[in-house]
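Number of protein chains: 2
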Amino acid sequence: MSKTKERMNLAPMLKPKSVAIIGASNNPEKVGHVILNNYIEGSFEGKIYPVNKDSETIMNLKAYKSVLDIKAPIDLAVIAIPAMFVPQVLEECGKAKVKSVVVVSGGFAEVGNNELQEKIVRIANKYKMPMLGPNCLGVMDTRAKNDTMFLPTSKLSKPTIGGVSFVSQSGAVGSTVLDLIAKEGFGLSKFLSYGNAAHVDEVDILEYLMNDKETEVVIIYLEGAKRGREFFEIGKKISKIKPVVIIKGGTTQAGADAAHSHTASLAGSSAAYEALFRQCGFCIAKDLDDLLYFGKAFASEVLPKGNRVAIVTNGGGTGVLTTDAVYNAGLRMAQFGKESQKALRKLMPMTVNVRNPLDLVGDADEKRYSDALSIVSKDKNIDMLIVIALFQTPGANEELSGRLVEFKKETNKPMIVISAGSKYTEERKDFMESQGLPVYDSPAAAANALAELLKYAKYRKGVI
Amino acid sequence: MSKTKERMNLAPMLKPKSVAIIGASNNPEKVGHVILNNYIEGSFEGKIYPVNKDSETIMNLKAYKSVLDIKAPIDLAVIAIPAMFVPQVLEECGKAKVKSVVVVSGGFAEVGNNELQEKIVRIANKYKMPMLGPNCLGVMDTRAKNDTMFLPTSKLSKPTIGGVSFVSQSGAVGSTVLDLIAKEGFGLSKFLSYGNAAHVDEVDILEYLMNDKETEVVIIYLEGAKRGREFFEIGKKISKIKPVVIIKGGTTQAGADAAHSHTASLAGSSAAYEALFRQCGFCIAKDLDDLLYFGKAFASEVLPKGNRVAIVTNGGGTGVLTTDAVYNAGLRMAQFGKESQKALRKLMPMTVNVRNPLDLVGDADEKRYSDALSIVSKDKNIDMLIVIALFQTPGANEELSGRLVEFKKETNKPMIVISAGSKYTEERKDFMESQGLPVYDSPAAAANALAELLKYAKYRKGVI
Chain A
1383 MSKTKERMNL APMLKPKSVA IIGASNNPEK VGHVILNNYI EGSFEGKIYP
1433 VNKDSETIMN LKAYKSVLDI KAPIDLAVIA IPAMFVPQVL EECGKAKVKS
1483 VVVVSGGFAE VGNNELQEKI VRIANKYKMP MLGPNCLGVM DTRAKNDTMF
1533 LPTSKLSKPT IGGVSFVSQS GAVGSTVLDL IAKEGFGLSK FLSYGNAAHV
1583 DEVDILEYLM NDKETEVVII YLEGAKRGRE FFEIGKKISK IKPVVIIKGG
1633 TTQAGADAAH SHTASLAGSS AAYEALFRQC GFCIAKDLDD LLYFGKAFAS
1683 EVLPKGNRVA IVTNGGGTGV LTTDAVYNAG LRMAQFGKES QKALRKLMPM
1733 TVNVRNPLDL VGDADEKRYS DALSIVSKDK NIDMLIVIAL FQTPGANEEL
1783 SGRLVEFKKE TNKPMIVISA GSKYTEERKD FMESQGLPVY DSPAAAANAL
1833 AELLKYAKYR KGVI
Chain B
1383 MSKTKERMNL APMLKPKSVA IIGASNNPEK VGHVILNNYI EGSFEGKIYP
1433 VNKDSETIMN LKAYKSVLDI KAPIDLAVIA IPAMFVPQVL EECGKAKVKS
1483 VVVVSGGFAE VGNNELQEKI VRIANKYKMP MLGPNCLGVM DTRAKNDTMF
1533 LPTSKLSKPT IGGVSFVSQS GAVGSTVLDL IAKEGFGLSK FLSYGNAAHV
1583 DEVDILEYLM NDKETEVVII YLEGAKRGRE FFEIGKKISK IKPVVIIKGG
1633 TTQAGADAAH SHTASLAGSS AAYEALFRQC GFCIAKDLDD LLYFGKAFAS
1683 EVLPKGNRVA IVTNGGGTGV LTTDAVYNAG LRMAQFGKES QKALRKLMPM
1733 TVNVRNPLDL VGDADEKRYS DALSIVSKDK NIDMLIVIAL FQTPGANEEL
1783 SGRLVEFKKE TNKPMIVISA GSKYTEERKD FMESQGLPVY DSPAAAANAL
1833 AELLKYAKYR KGVI
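Residue numbers (the numbering used here), protein chains in the order written: chain A, 1383 to 1846; chain B, 1383 to 1846.
If you are wondering where the hints come from, they were derived from the structure by calculation, not from laboratory data.
Take these hints with a grain of salt, some might be off.
Said to hold, decoys possible - Label-pair restraints from in silico Cβ distances:
no., chain 1, residue 1, chain 2, residue 2, range
1, A, G1494, B, K1760, 25 to 31 Å
2, A, K1508, B, K1749, 38 to 44 Å
3, B, S1536, A, F1614, 50 to 56 Å
Remember, it's a predicted structure, so these values are computed and weren't measured experimentally.
Yeah, the Cβ is synthetic: ideal placement off N, Cα and C, and Gly gets one too.
Work the whole structure out from these sequences, hints included.
What follows is the structure in structure tokens.
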């Protein structure tokens, strides 16, 4: 497949001052209607041009028969029309000097229609017009209020503004993960769903995100990278600047076959990819959960200086399981310094054993946590903090979650919380996460997230 | 430690007709108050006797200075008083022919007070009075409305009535998991938190649950089994009758040390325990999440006849990831039969590739799922079904979740759902789970749960 090697400028696609929606419609069932509606309701501040050859006005906006009729600069054209009409419309975009296009329409290589796909790539190349897709959800930029998603907002919670950019070859994984990012409460910078990767691909996107100041963390769902060599080069470069968490679809033969039928990707050998990702310094997620959990940790944590973990808990058994998880994740339990031990012994009731994990026992309240954390967080023998707060107990309440959030702001060590439970716990969890304190459901999830922070810290320092 | 080897009759403890609450109090801060209040508000149908040497009436009930003053049969005495007073009160329980006791008080072997613990064991033995604890949350029996838990119900959602019995050495793990069982929406039969296991231990409890008709599945959090040989014997027996899911605290040296300081357990070698559990036919959970996920699968699924999985999805990428997860869990992807392929080709739109995973593509609605599932579920080449329903898409809605629930009722194959997302998805998930259709967040969680069903099916058939 022919492909330009020039750097693609994705700025007009992500931060457009003007958008043409080709296939915009008054019919609420149409994808073009949903997209246009999102631009209007999402308070996009640039110009919006509906394009439809059959309508004079759409949703109270003047409609155009073709982009050629607009006679004003167009940064982004979103194309949502049947596949067979895409080449002609794309040709018009080129002539109208449209700066970038997103083709959401399906019906190309993913259903065997390779010829049609090659045709649109040739047009995009001819006009040097970066084209995302086809067969994709397009882009979202939370700060620019730019959003080409055609999924109903009633069913998909949108993340808040933040520093994580999410790149997904799959639209389904994309929309699910966006919804989960909103639930896990960390902020999003940009989302790019690039589908068949016919023109703009993962290499172009990583190049852009590497230099994007708003992007602090990148998370990716990848089925296959067509430009392996370039992917490796850009991967190594970006990891020196910001962390990349990756999940690969098609790591088994059956999965690879399914990926080929999905986005026409050649998923390639799993072991080869894993080795490549490790050399890139990427953080590898084995399951969707991990992608979220690792992304959440990178989004709100400083990098640790070493592998020694302190656990402070109000549940003994959960402390035991978390100790196991810390070791299984390749970390180790800190030994409290002599002074900390003395200070703790002085402040803690006799039912508390002064050791790590520090079991504050079931009647611990905000005061006991505060006393313990103010000592432990200053101990030089400790690199990372896991606070287990089981909100089923009488002493664990709003005051405690509030105090933990303050502690997170004060400490210069990575600090995460384990809280698991139903309604009351979920409320406390949502509160803490909204304040930038990441909360995990299970010991393994928490310990594995910290281990990834450490691996990345070592990569940055050149230790591994 | 001396210990009776006679079988303990736990029926009076779980299904008492009369309960004495020793340490009952009018002071809402006291544990004895919370317990008494739970009995009153939980509409327990038996007799309730508050015991407190300082009060005439407690919460409008006549109070007794000692169990000896009650002069009526007492099935269960719940003891919530300082440790040092427990021996005397226990002696009185023995004299009053109390049939069982739960000692929730802490301050025994877990803080090094071995002598006091041995003392109460001698009394329990002398009167052949099964004693649970000390240092525990006690018991819950959902059908008998018997509940000795002293945690605020506002912070701990109680599970509905069902077939899973949960045994936890740790109170903290116990209360968290109960809260999570309520959230995951599967029903509970009995809960036993047995703390220091000074008298009634895991062997006694498994013996009881093995013969308990209301218990269909057992899940256990264990730190250490004192009677290894008997535990192994009863484990092998119970697994021939009902599945047991186990999580072991202290599988690493550091975790084992923490466990010793928690419930005075000698956690023992991890590898030895794992081998023992496997020989018992137990399903081993490596993390708290697994305990819930596996328990949920056993609670609502029939056992599979083979390892061939079909995946039906409205998201291609999620189908790819789930295919990977199926293989990584040791299962394999079914090959649809010739007839199914023909029937599917006839009913599905051309955008649908007729293969496994069956990607119904993003615009799939209830009708397309129904058509696909009615064919796939009857195919003899398929042993288990994973339905991926991503509710972020327009076509996936209330009708779809309703139809999936109906399908679950009709099919004789294990069938589980993967749905991940925020508010709207959570609502659909809660609905499906309330109707006995288990829903998982992630591909790995779903595939691993099915793999455990198969392992257990093979164990029951004597294949492994």
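We went through each hint and held it up to the structure:
1. G1494(A) x K1760(B): 25 to 31 Å: holds, 29 Å
2. K1508(A) x K1749(B): 38 to 44 Å: holds, 42 Å
3. S1536(B) x F1614(A): 50 to 56 Å: holds, 54 Å
Going down the numbered hints, you'll see the structure goes against none, and every one checks out.
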